[in-house]
Amino acid sequence: MTPIISVQGLTKTYGNGFEALKGVDLDIKEGEILALLGPNGAGKTTLISIICGIVNPSGGKVLVDGHDVVKDFRRTRALIGLVPQELTTDQFETVWNTVSFSRGVYGYKPDPALIERVLKELSLWSKKDNMIRELSGGMKRRVLIAKALSHEPRVLFLDEPTAGVDVNLRREMWQVVEKLRESGVTIILTTHYIEEAEEIADRVGVINGGELLLLEDKKTLMKKLGRKQLRLELAEPMTSLPESLAGYNLALSEDGSALLHEYHGDEAQGTVPSLLNRLAQENIHFKDLSTRQSTLEDIFVALVGEKA
Amino acid sequence: MNFEAVKSIYTFEMARMRRTLLQSVISPVITTSLYFIVFGTAIGSRIQTVEGVSYGAFITPGLIMLTLLTQCIGNGSIGIYFPKFTGTIYEILSAPVAMTEILLGYVGAAASKGLIIGLIILATASFFVDIRIAHPFMMVVFLVLTAVTFSLFGFIIGVWARNFEQLNVVPMLIVPPLTFLGGSFYSINMLPPFWQTVSHFNPVLYLVSGFRWSFYEIADVNPGISLAMIGFFLLLCLSVLGWMFKTGYRLRS
Ligand SMILES: Nc1ncnc2c1ncn2[C@@H]1O[C@H](COP(=O)(O)OP(=O)(O)OP(=O)(O)O)[C@@H](O)[C@H]1O
Ligand SMILES: [Mg+2]
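Protein chains in written order, with my numbering: chain F, 1 to 308; chain L, 1 to 253.
These are calculated hints, taken from the structure and not from any lab test.
The model shown is predicted, which means the values in this text are computed figures rather than measured ones.
Be a bit skeptical, because a hint or two may be false.
[As the list claims (entries may be wrong)] Not close to chain L: a few residues of chain F, all C-beta gaps over 12 angstroms, as computed:
id: 1; residue: Gln91
id: 2; residue: Ala235
id: 3; residue: Ser240
[Stated by the list, open to error] In silico DMTMM-like pairs for lysine to aspartate or glutamate, Cα to Cα no more than 25 angstroms straight-line:
id: 4; chain 1: F; residue 1: Lys219; chain 2: F; residue 2: Glu32
id: 5; chain 1: L; residue 1: Lys84; chain 2: F; residue 2: Asp90
id: 6; chain 1: F; residue 1: Lys71; chain 2: F; residue 2: Glu121
id: 7; chain 1: F; residue 1: Lys219; chain 2: F; residue 2: Asp90
id: 8; chain 1: L; residue 1: Lys7; chain 2: F; residue 2: Asp111
id: 9; chain 1: F; residue 1: Lys287; chain 2: F; residue 2: Glu243
id: 10; chain 1: F; residue 1: Lys140; chain 2: F; residue 2: Glu199
id: 11; chain 1: L; residue 1: Lys7; chain 2: F; residue 2: Glu116
id: 12; chain 1: F; residue 1: Lys71; chain 2: F; residue 2: Asp90
id: 13; chain 1: F; residue 1: Lys128; chain 2: F; residue 2: Glu116
id: 14; chain 1: F; residue 1: Lys128; chain 2: L; residue 2: Glu4
id: 15; chain 1: L; residue 1: Lys246; chain 2: F; residue 2: Glu233
id: 16; chain 1: L; residue 1: Lys7; chain 2: F; residue 2: Asp72
id: 17; chain 1: L; residue 1: Lys84; chain 2: F; residue 2: Glu196
id: 18; chain 1: L; residue 1: Lys7; chain 2: F; residue 2: Glu282
id: 19; chain 1: F; residue 1: Lys22; chain 2: F; residue 2: Asp90
id: 20; chain 1: F; residue 1: Lys29; chain 2: F; residue 2: Glu243
id: 21; chain 1: F; residue 1: Lys179; chain 2: F; residue 2: Glu199
id: 22; chain 1: L; residue 1: Lys84; chain 2: F; residue 2: Glu86
id: 23; chain 1: L; residue 1: Lys246; chain 2: F; residue 2: Glu19
id: 24; chain 1: L; residue 1: Lys7; chain 2: F; residue 2: Glu152
id: 25; chain 1: F; residue 1: Lys223; chain 2: F; residue 2: Glu243
id: 26; chain 1: L; residue 1: Lys7; chain 2: F; residue 2: Asp90
id: 27; chain 1: F; residue 1: Lys127; chain 2: F; residue 2: Asp72
id: 28; chain 1: L; residue 1: Lys84; chain 2: F; residue 2: Asp27
id: 29; chain 1: F; residue 1: Lys71; chain 2: L; residue 2: Glu217
id: 30; chain 1: F; residue 1: Lys29; chain 2: F; residue 2: Glu152
id: 31; chain 1: F; residue 1: Lys29; chain 2: F; residue 2: Asp217
id: 32; chain 1: F; residue 1: Lys228; chain 2: F; residue 2: Glu198
id: 33; chain 1: F; residue 1: Lys109; chain 2: L; residue 2: Glu4
id: 34; chain 1: L; residue 1: Lys246; chain 2: F; residue 2: Glu134
Just so you know, even glycine gets a beta-carbon here, dropped at the ideal spot from N, CA and C.
Taking the hints into account, I'd like the entire structure generated from these sequences.
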């Protein structure tokens, strides 16, 4: 299947000489949810902006549904909806007007029934005659989503859709995303949170310093990178690991006050229960225990380290 | 051609004007009335006629031009500057519209506003003085060409400006002196020869002179030259915009 979006050797150098993208290659499959992870300044927004036509590329090219985003911008942009990272809205417009305006700018005749459906889906119907400045931040973000959906795009970009959004709203947002995916819309979202990618994406890309470091099926990635660590605070510090515990992937903390056990969260037959049993048998007591999942940061450190 | 988009931008901008009706329409009317009262009565009592036209009637075309220029530059620049400033421009830049369509929407709206206000001032003026229009068709040509040209000029400023000071510097600091010195309130024949020569370097002189000619058939420069000057400035603006759109200057970084 030809990819819906194909990014080929894309580079971007901003006017001040800053190299924000250093040759990105990326194919996005139709109908998938792709999460782009990356720290601040990684180049996520720059990448999206070029695909959507907001920023001119410096080199390389982008095809959307086989058309070049620069030469054939009318065709490519008509297929794309964009929800920007910043809450940028016309404060003095009503919800209804601003969403209708979006549809018009995309070249479509007014369709009040469609706008009504979109607003209802995003729980904005009761606010349709309110000015945007009267809405809360989460509502404003939903207005931006409604604008992006007003022309029924086949590809939707969500640039950090959950920044500053409460838990309930996040749930609601994921429901909307899920519904869109069911209707066949391809969704690309950026985030700083790996849990978010884990929850919703089919594939995950990691960007850092203007380079795509990794692009992988979520399941594969989680297996590879989703390491967990169990930390047991010992009742009595140790100087060295007992022989009897060899065979468990164990380490002693520097001061000898805790045992550290690394394992994979998705292992069917986890090693943790057997380790705890063993400790009981050996009469090794602990005061407390905690587990910690590898964070995005760990993954970055790992990835960047690997590259160097 | 994405007509829906042009229409959307145009109606959106015109709606913004309706919301700010007070500043947009009322204030130029009040300002113009003040000009008539101050200039018409204070100076008009000393200068009864200029080249056979009563002083109040003589200054009317210049007053319309002054407002038209300020309004068109102001509206043309704020129309594109504001979305740039708030960030909402992302939507227009990511929509399937060519820059020419964006231009048509914004500049069309700015020129329309300017024209409406120009006509309102003309109507206001007719309460104070007797207005005679010798060449109505040419009057409309001058009016429309000037409105379009200076709305384009405003658009350029709006794209270029990085802050509100830069945005205001042209309509606030450059247009009024040029208009005042461009023969809006006097015929340059009343000036010493040296200042007459200097005046010919003022582009606004050509606008005011040509426009006034369409009313009273009196002109400081040949109306054909006036028309050519406006045409030249129009082409200049269009070329600058062509370059801006090709390079993505300050819009698509
Ligand atoms: N208009 C610009 N001019 C100059 N540099 C820019 C411009 N826009 C972005 N940059 C730089 O390009 C780099 C990438 O920015 P970008 O906004 O793409 O990052 P991001 O991955 O979206 O970050 P965040 O997670 O903070 O949103 C940053 O270092 C930023 O400073
Ligand atoms: Mg970003």
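Checked hints:
1. A cut-off of 12 angstroms between C-beta atoms contradicts the statement that F:Gln91 is not in contact with chain L; the least separation is 8 angstroms.
2. Non-interface status of F:Ala235 relative to chain L is upheld: no Cβ of that chain comes within 12 angstroms, the nearest being about 57 angstroms off.
3. Every beta carbon of chain L lies more than 12 angstroms from that of F:Ser240, the smallest distance being close to 59 angstroms; the non-interface claim holds.
4. For the hint linking F:Lys219 to F:Glu32, the alpha-carbon distance of about 14 angstroms falls within 25 angstroms, and the restraint holds.
5. A threshold of 25 angstroms between alpha carbons decides the hint, and for L:Lys84 with F:Asp90 the separation of about 11 angstroms falls inside it, so the pair holds.
6. Simply put, F:Lys71 and F:Glu121 have alpha-carbon atoms about 35 angstroms apart, too far for the 25 angstroms limit, and the pair is violated.
7. Pair hint F:Lys219 plus F:Asp90 does not hold up; C-alpha atoms about 41 angstroms apart against a cutoff of 25 angstroms.
8. Taking the CA atoms of L:Lys7 and F:Asp111, the gap is about 15 angstroms. The hint holds against a cut of 25 angstroms.
9. With a C-alpha separation of about 22 angstroms, the suggested pair F:Lys287 and F:Glu243 falls inside the 25 angstroms cut-off, and the hint holds.
10. For the hint linking F:Lys140 to F:Glu199, the alpha-carbon distance of about 24 angstroms falls within 25 angstroms, and the restraint holds.
11. For the hint pairing L:Lys7 with F:Glu116, the CA-to-CA distance comes to about 21 angstroms; that is within 25 angstroms, so the pair holds.
12. For the hint pairing F:Lys71 with F:Asp90, the CA-to-CA distance comes to about 30 angstroms; that exceeds 25 angstroms, so the pair is violated.
13. For the proposed pair F:Lys128 and F:Glu116, the alpha carbon gap of about 9 angstroms is at most 25 angstroms, so the pair holds.
14. In summary, the hint linking F:Lys128 to L:Glu4 is supported, as the alpha carbons are separated by about 22 angstroms, within the 25 angstroms threshold.
15. Distance hint between L:Lys246 and F:Glu233 is unfulfilled; the C-alpha atoms sit about 65 angstroms from each other, more than 25 angstroms.
16. A C-alpha spacing of about 22 angstroms is found between L:Lys7 and F:Asp72, which places the hinted pair at or below 25 angstroms, so the restraint holds.
17. Annotation: proposed proximity of L:Lys84 to F:Glu196 is violated, straight-line Cα distance about 31 angstroms (limit 25 angstroms).
18. Simply put, L:Lys7 and F:Glu282 have alpha-carbon atoms about 80 angstroms apart, too far for the 25 angstroms limit, and the pair is violated.
19. Note on F:Lys22 and F:Asp90: the hinted pairing is violated, with a Cα-Cα distance of about 34 angstroms set against a maximum of 25 angstroms.
20. Between F:Lys29 and F:Glu243 the CA atoms are separated by roughly 51 angstroms; this puts the pair beyond 25 angstroms, and the hint is violated.
21. Using a Cα cut-off of 25 angstroms, the hinted pair F:Lys179 and F:Glu199 holds, with the two alpha carbons roughly 15 angstroms apart.
22. For the given pair, L:Lys84 sits about 13 angstroms from F:Glu86 by alpha-carbon distance, which is consistent with the 25 angstroms threshold.
23. Under the criterion of a C-alpha separation no larger than 25 angstroms, the hint pairing L:Lys246 with F:Glu19 is consistent with the structure, at around 22 angstroms.
24. For the hint pairing L:Lys7 with F:Glu152, the CA-to-CA distance comes to about 20 angstroms; that is within 25 angstroms, so the pair holds.
25. A distance of roughly 30 angstroms separates the Cα atoms of F:Lys223 and F:Glu243; the hinted pair therefore is violated under the 25 angstroms criterion.
26. A C-alpha spacing of about 18 angstroms is found between L:Lys7 and F:Asp90, which places the hinted pair at or below 25 angstroms, so the restraint holds.
27. Taking the CA atoms of F:Lys127 and F:Asp72, the gap is near 37 angstroms; set against the 25 angstroms cutoff, the hint is violated.
28. Between L:Lys84 and F:Asp27, the direct Cα distance comes to roughly 31 angstroms. Violation of the 25 angstroms bound is thereby established for this hinted pair.
29. Restraint check for F:Lys71 and L:Glu217: the C-alpha separation of about 51 angstroms exceeds 25 angstroms, so the hint is violated.
30. As the CA atoms of F:Lys29 and F:Glu152 are separated by approximately 18 angstroms, the hinted pair is consistent with the 25 angstroms bound.
31. About 12 angstroms separates the Cα atoms of F:Lys29 and F:Asp217, which keeps this hinted pair within 25 angstroms; it holds.
32. Restraint check for F:Lys228 and F:Glu198: satisfied, since their Cα atoms lie roughly 15 angstroms apart, inside the 25 angstroms limit.
33. Proposed proximity of F:Lys109 and L:Glu4 is supported: the alpha carbons are some 7 angstroms apart, at most 25 angstroms.
34. With a C-alpha separation of about 39 angstroms, the suggested pair L:Lys246 and F:Glu134 falls outside the 25 angstroms cut-off, and the hint is violated.
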